Amino acid sequence: MAAAVPAARWARAAAAALLLGCCGAVLAGGIQDQAEQFFKSGHTNNWAVLVCTSRFWFNYRHVANTLSVYRSVKRLGIPDSHIVLMLADDMACNPRNPKPATVFSHKNMELNVYGDDVEVDYRSYEVTVENFLRVLTGRIPPSTPRSKRLLSDDRSNILIYMTGHGGNGFLKFQDSEEITNVELADAFEQMWQKRRYNELLFIIDTCQGASMYERFYSPNIIALASSQVGEDSLSHQPDLGIGVHLMDRYTFYMLEFLEEVHPASQTNMNDLFQVCPKSLCVSTPGHRTDLFQRDPQNVLITDFFGSVRKVEIMTETVSLDRNLTGFESDPVCCLKRQLEISDKEREGKPQLHQRMGRKLKAAKGCIGNRTTKVC
Amino acid sequence: MLAVGLVLLLAAGLGQGTTRGVLREELLLRPLPVGDVAAVFQFRTRWDADLQQGAVSHYRLFPKALGQLVAAHGVRELHLALTQGFWSTQSWGQPPLGAPAGAELWVWFQDTVPDVDKAWKELSNILSGIFCASLNFIDSTNTVTPTASFKPLGVANGTDHRLLRYAVLPREVVCTENLTPWKKLLPCGSKAGLAVLLKAERLFHSSYHSQAVHIRPICRDASCLAVSWELRQTLTVVFDSFTSGQGKKDWSLFKMFSRTLTDACPLASESKVYVDISPKNKEKQLLEVTPTPTSVHEAIVQGDKTTYAVYDLLSPVLFNTSRSLNVQLKWKRPEDSSELSTPIMHAQRYVSGYGLQTGEISTLIYNTHPYRAFPVILLETVPWYLRLYVHTLTIITKGKENKPSYMHYQPAQDRKRPHLLEMLIQLPANSATKITIQFERALLKWTEYPPDPNHGFYVSSSVLSALVPSVIAMKDVNVEESPLFTSLFPSSDGSSYFLRLYTEPLLVNLPTPDFSMPYNVICLTCTVVAVCYGSFYNLLTRTFHVEEPSRGGLAKRLANVIRRLRGVPPI
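For the protein sequence lines, the chains are A and B, in the order given. This note's numbering applies: residue 1 is where the first sequence begins, and numbers increase by one. This note's numbering applies: residue 1 is where the second sequence begins, and numbers increase by one.
If you're looking for bench data, these hints aren't it; they were derived computationally from the structure. Please read all numbers here as calculations on a predicted model, not as lab measurements. Think of the CB as a built atom: it goes at the ideal place given N, C-alpha and C, for glycine as much as any other residue. Fair warning: there could be bad hints in the mix.
Rough simulated footprint, nothing fancy, chain A against chain B, three-plus residues with beta-carbon under 8 angstroms [unchecked claim]: (1) 175-185; (2) 311-321; (3) 444-453.
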């Protein structure tokens, strides 16, 4: 009897443990799903700042580098209004270019990265350290046009690509001034404090490029460089017809990698880290992910290089409220009425539905005879 | 009832047509004397709306970016030209639409604008964003207010020259990034009509490329009670087809643009191609044009009678035989190159002198008309760092001094304002006038040099504006009915036509310091200080004392043994 009671208790305990284990597993599965959800990027828009800092014809390859990244980024969906392209010299219409209005990345003129639809925001003498830092931090003179501004917010993923001549701790701008890694790190910290980015991908293709990301201390930054401190980044191949080297090795192989990516691909950051091994690049590319909160395995390439919108398809229809006439002339009443309507709608309707409904009502209420920019 | 309904519908349609805007597109192909061919595209949008009142919020054909610009900054007229290359008047004849090398912007403001300089600055910044050009470098150091050279080309109430601003950036490069936004302003973009020919790879592989935007108010009708706004986008390109055509001067649209025309822009009310088939030196049948043109048009352009073969892209007969239109021109017999007709007025400018201290700017203006003299207004804008000496200004015609009847000179202020020199000079018949002025080069502060100072500094082109006597009297042109290329400049009377020429820009070297010197000086100074001070310090503070030789350990004794064996003195 005494033995049976502990046996029964053991059995009960074992059953309870089994049940608990099952529940735990289910819960853990649920938690993992939630964790996955948590680690997906929360960005809503993408920006790109692409900078070429070198002047003179023999630095053709730096312009070709920047234009190849521009081309990939445009192809994957980021529009010109969200790209700030800075080219320090003009190679396409340079008098020394045997094929005007073209910039090639592959020899034998295979790929024209300049194309027919290009908008350069900062060109020639406008590419200075001051302008670059002003673009990043947003402290721009009030008369600057929109296409020259980085209008990012706290839900923006920004890609920053820089190329040119550099050294240990600095990057040369136009052969007359430099930007140091400390300045760059402080600029990124200013951006973080002002909530100007959600996540930032920084790629640099210069000699001793890894020194430029050594000093970063703001969160949510991944950095890639084409060479370590003490190493030189080498150029890829010259074209005998044009007479100069066309691309740098790291960006050449990165372009080949990006040509395989399309807006729906699932390639992640780890693939980008493997892009140019030492056998191809001669220098050792480096990367830095300690400031980044997510696992690079979960970061899609299109999170930074593309502009992938999350679209949810609805099968229900939304009816627009026609009772807003008479309130069109008074914006305060208009807004109050919108809030009333949206409050009523909030009970018992799916969240997306009421969000969309609110937006549509706001749009209808504000369009009218008014041409002011209140709404 | 039906008739009334039809009339109403028609009225509605017409009304909508004018509130929407009217688009006309035109391509003029002109073979030039030396075998090159010039192509001039013009896209003109006329809109019967009052932009100035600010009541406009719905834009159809007129681009919203430019409409908002005009309304927000009180602009009455705007002319922006971006040019690469130089139109050599001597070999190519008078330019259809001249422009200086680089970027040129001149604007007439409304008299209601409170601060013209502030509006000018904001306008140049906004235009630099729209056209991807560095127009934000336009500031007081390169802006001038000409008094006589630039008069409004549209309807104008008064001409107070304080409302005019003119600036040129001679260093500005023109490339595909300037063409892309220009094409996007066209109603059909580059997808239909004449704009399909605008491919950057062909357009920039040329001797001369100039694209411009002209916005001006024009009379809505003959009574001129209301004002419409006109936007003209022009693109002039000169192809060197002789060298690329393997020795033959025959050309075609496909050879020049690597595209052919397939249709007209659906939004255009008129879409035509004009080919200049004027016989040179009264010889007929020199040129053969295929396919057959829809009509032949004769016009008096720049004082001379010219014949044009017209291809109307909107006429249904044009695309009957083939889907695409490829205009081809063949020369019946090889033309003698010695029969070049010299233009009535052409000019040249160059800088002379030696060294980096002084120099001289010389301008040569030629009047080749056999018996008519006419005056010309010369406008020169020289940057402040070339200090002009106006007392050395000499104007010599046929060996004698020629005094200008009107002269306006505004001296420069260092770092604030450039020199402005405007003169009205009478050019006698069949003469060459030489205008020289000496200058001294200034030494800039070391932060003011551009990153490539050894390239040199540019002096913008001079502007020559003249009413040139025409060979044949011209009738008053009705803008709506005549081709676009005849109606940009208003003609005051039939006996002369207005011509604006630009000279070459100049490239001048300024005394440039050696920018590596600060680094060299620091290295040298530090080395000298270290060596001298170091030695001095050592001399003063170093003391010598005798050191007892130590017995040494086992290792030392072993080493000494080995050394003695070798025959080397011991440690």
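Hints, one by one, checked against the model:
1. 175-185: That given contact holds, which follows from 5 residues of the region 175-185 of chain B lying within Cβ reach (below 8 angstroms) of chain A.
2. 311-321: violated (count 0)
3. 444-453: Held - the region 444-453 of chain B has 3 residues with a Cβ nearer than 8 angstroms to chain A, which meets the minimum of three.
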